[in-house]
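*Asks:* Kindly generate the complete structure, drawing on both the sequences and the hints.
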Amino acid sequence: MTATVASGLSEVARSDAALRAFLHGLPGVDQVGAQQRAAMLGTRSIKTTSKAWALDLAIRMVDLTTLEGADTPGKVRALCAKALRPDPTDPSCPPVAAVCVYPTMVATAVETLEGSGIHVASVATAFPSGQAPLAVRLADVEAAVAAGADEIDMVINRGAFLSGRYREVFDEIAAVKAACGSAHLKVILETGELATYDNVRRASWLAMLAGGDFIKTSTGKVSPAATLPVTLVMLEAVRDFRAATGRQVGVKPAGGIRTAKDAIKYLVLVNETAGEDWLHPDWFRFGASSLLNDLLMQRYKLSTGRYAGPNYVTLD
Amino acid sequence: MPTEQESPAATTEPTVRLAVRKTYKLFIGGAFPRSESGRSYPVHTATGDFMANAALASRKDARDAVRAARAAFGTWSAATAYNRGQILYRVAEMLEGRHAQFTAEVAAATGDRDAAAAEVDAAIDRWVWYAGWADKIAQVHGAANPVAGPYFNLSTPEPTGVVAVVAPPESPLLGLVSVVAPAIVSGNTAVVVASEDRPLPAVTLAEVLATSDLPDGVVNVLTGRVAEIAPWLASHMDVDAIDLTGVTDAGLAVDLETAAAENLKRVLRPAPASSDWAADPDVQRMLALIETKTVWHPKGI
Numbered sequence: 020m021t022a023t024v025a026s027g028l029s030e031v032a033r034s035d036a037a038l039r040a041f042l043h044g045l046p047g048v049d050q051v052g053a054q055q056r057a058a059m060l061g062t063r064s065i066k067t068t069s070k071a072w073a074l075d076l077a078i079r080m081v082d083l084t085t086l087e088g089a090d091t092p093g094k095v096r097a098l099c100a101k102a103l104r105p106d107p108t109d110p111s112c113p114p115v116a117a118v119c120v121y122p123t124m125v126a127t128a129v130e131t132l133e134g135s136g137i138h139v140a141s142v143a144t145a146f147p148s149g150q151a152p153l154a155v156r157l158a159d160v161e162a163a164v165a166a167g168a169d170e171i172d173m174v175i176n177r178g179a180f181l182s183g184r185y186r187e188v189f190d191e192i193a194a195v196k197a198a199c200g201s202a203h204l205k206v207i208l209e210t211g212e213l214a215t216y217d218n219v220r221r222a223s224w225l226a227m228l229a230g231g232d233f234i235k236t237s238t239g240k241v242s243p244a245a246t247l248p249v250t251l252v253m254l255e256a257v258r259d260f261r262a263a264t265g266r267q268v269g270v271k272p273a274g275g276i277r278t279a280k281d282a283i284k285y286l287v288l289v290n291e292t293a294g295e296d297w298l299h300p301d302w303f304r305f306g307a308s309s310l311l312n313d314l315l316m317q318r319y320k321l322s323t324g325r326y327a328g329p330n331y332v333t334l335d
Numbered sequence: 642m643p644t645e646q647e648s649p650a651a652t653t654e655p656t657v658r659l660a661v662r663k664t665y666k667l668f669i670g671g672a673f674p675r676s677e678s679g680r681s682y683p684v685h686t687a688t689g690d691f692m693a694n695a696a697l698a699s700r701k702d703a704r705d706a707v708r709a710a711r712a713a714f715g716t717w718s719a720a721t722a723y724n725r726g727q728i729l730y731r732v733a734e735m736l737e738g739r740h741a742q743f744t745a746e747v748a749a750a751t752g753d754r755d756a757a758a759a760e761v762d763a764a765i766d767r768w769v770w771y772a773g774w775a776d777k778i779a780q781v782h783g784a785a786n787p788v789a790g791p792y793f794n795l796s797t798p799e800p801t802g803v804v805a806v807v808a809p810p811e812s813p814l815l816g817l818v819s820v821v822a823p824a825i826v827s828g829n830t831a832v833v834v835a836s837e838d839r840p841l842p843a844v845t846l847a848e849v850l851a852t853s854d855l856p857d858g859v860v861n862v863l864t865g866r867v868a869e870i871a872p873w874l875a876s877h878m879d880v881d882a883i884d885l886t887g888v889t890d891a892g893l894a895v896d897l898e899t900a901a902a903e904n905l906k907r908v909l910r911p912a913p914a915s916s917d918w919a920a921d922p923d924v925q926r927m928l929a930l931i932e933t934k935t936v937w938h939p940k941g942i
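Residue numbers (this note's numbering), protein chains in the order written: chain A, 20 to 335; chain B, 642 to 942.
Think of the hints as simulated: they come from the structure by calculation, not from any bench.
The beta-carbon is built from N, C-alpha and C at its ideal position, and this holds for glycine as well.
Certain hints may be false.
Here are the computed distance ranges between Cβ atoms for each label pair [stated by the list, open to error]:
id : chain 1 : residue 1 : chain 2 : residue 2 : range
1  : A       : Met59     : B       : Pro922    : 39 to 45 Å
2  : B       : Glu799    : A       : Glu130    : 39 to 45 Å
3  : A       : Asp109    : B       : Glu869    : 24 to 30 Å
*Replies:* Dropping the structure here:
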């Protein structure tokens, strides 16, 4: 059964019409149902040892991000130092999964993190809008990979997607994947601009069919960014995609996740939707900057019994 | 308005109106939430009659209140002293407008109506007295220090930060005002644990503060058990000072002071049981919650 579906899937991208037929043939998302299920899973209470485990896992899943026009090599080095030792006063605190920067800052991050096992992710393809000619976007990716980035966060062409030119989006993702070489490709759907959950589901499948290793909700520059229901739809997509093809794809919600409580809600969602296989930094990431501080403060509260304050974590 | 002749009073039942009871809630960040824990506790009059249910704050309410107070500290401490004074005068005006309501609540709590009216008068006067200090502390308690070199050497009082306050239990309004006003006049923000048995005037004071241009979060009011909430405030690393005035249990006070030592909080020890809140205040409460910053500046170049 799986084999026939898989062979079927290899055929869906052969033409624009076939791709459209496949994406529009995906079952529609029950909007109210998705929101209710996400809200219901968000009420789970995670306490004591489970909470400690969840906090450490969430720290290990963080893509510590700085994407500002004002970024400097010094700021990136400081961020890398924090990525290596999020809580310098506690050696048992794990490092984060990756540092995510603009392509010009990749070399600095690679140099600082060398040998640590922390990945260096770079946004590319004319992030955040993606509104540049394809050749420019591919050159952006190649420059980031050449500088040493081992994960590339690309943005899809939302203009093409929303006007129904799926094949164009597909080909662009495939071209970026080819330009990445051995680097992992995260495909940013920018769900805040896709308007409906049906579109999120279609874009997820499109990105996975085109070869994305991760699907990511948002750039963080558009509101709304990551939400629980959107992530639920994407988690269902990666689960179904693995069932159909055998290939596992990761999910990365990004933007707007600021508290440890929110992060734990996402972990519950992952466990209940995609399953335990995704509860690992290789398959689930948080794109965030201020989230890490709240995770550290919660960790401190759990280990000492006293509330921490923002004076005891770094500014960033 | 209907006249006697028009109303068929003789044939219909007298109008029965259901009273709209007030829900006494917490005051955190300018909003009036119920306790996160969903709990409440009954408040009784001096004679033991049921008066109302007040929210029973939990440690998480205390945490939220500290977060709100910290968020408010930047704007409030950076406001000019003149502006802070004006806002505090405005609070006094609003207190005056609610005089009757405060008198009724204080009277119900203490059982003495005449004394209650006098206490409300005194509380408003106390508030005005502290409001006047807003733009005077720096002149009176700052200094231009003579030093052995060509420098201006200036000491200025600055706010400490977030202050946790345990309000006196016996004096529900005057005692409360006497500990809250000196904390915020210099630019601190406060998390106040109201009198455990007489919390209603504190909630009404919160309503006054909410309508007096005081920025959200400058004063946060929690009602509930001191023994439950205060330890979390004393150990909280983001609280800079704790005023234990209203702690009546000596053992608890020692525990709180010990917990407060972890991040070197300023601690005001409990007031003696014989404290007379009607007595004229002095500046000690204000001075206890400020830090002196000294600046050296070259001169004569």
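*Asks:* With respect to the beta-carbon atoms only, verify the hint that methionine 59 of chain A and proline 922 of chain B lie 39 to 45 Å apart.
*Replies:* violated, 54 Å
*Asks:* Would you say the C-beta atoms of glutamate 799 of chain B and glutamate 130 of chain A sit inside 39 to 45 Å of each other?
*Replies:* Roughly 42 Å apart at Cβ, these two residues keep to the hinted range, so it holds.
*Asks:* Within 24 to 30 Å or not, the Cβ separation of aspartate 109 of chain A and glutamate 869 of chain B?
*Replies:* Since the Cβ atoms of aspartate 109 of chain A and glutamate 869 of chain B sit about 29 Å apart, the hinted range of 24 to 30 Å holds.
Of the numbered hints given earlier, the model fails hint 1 alone.
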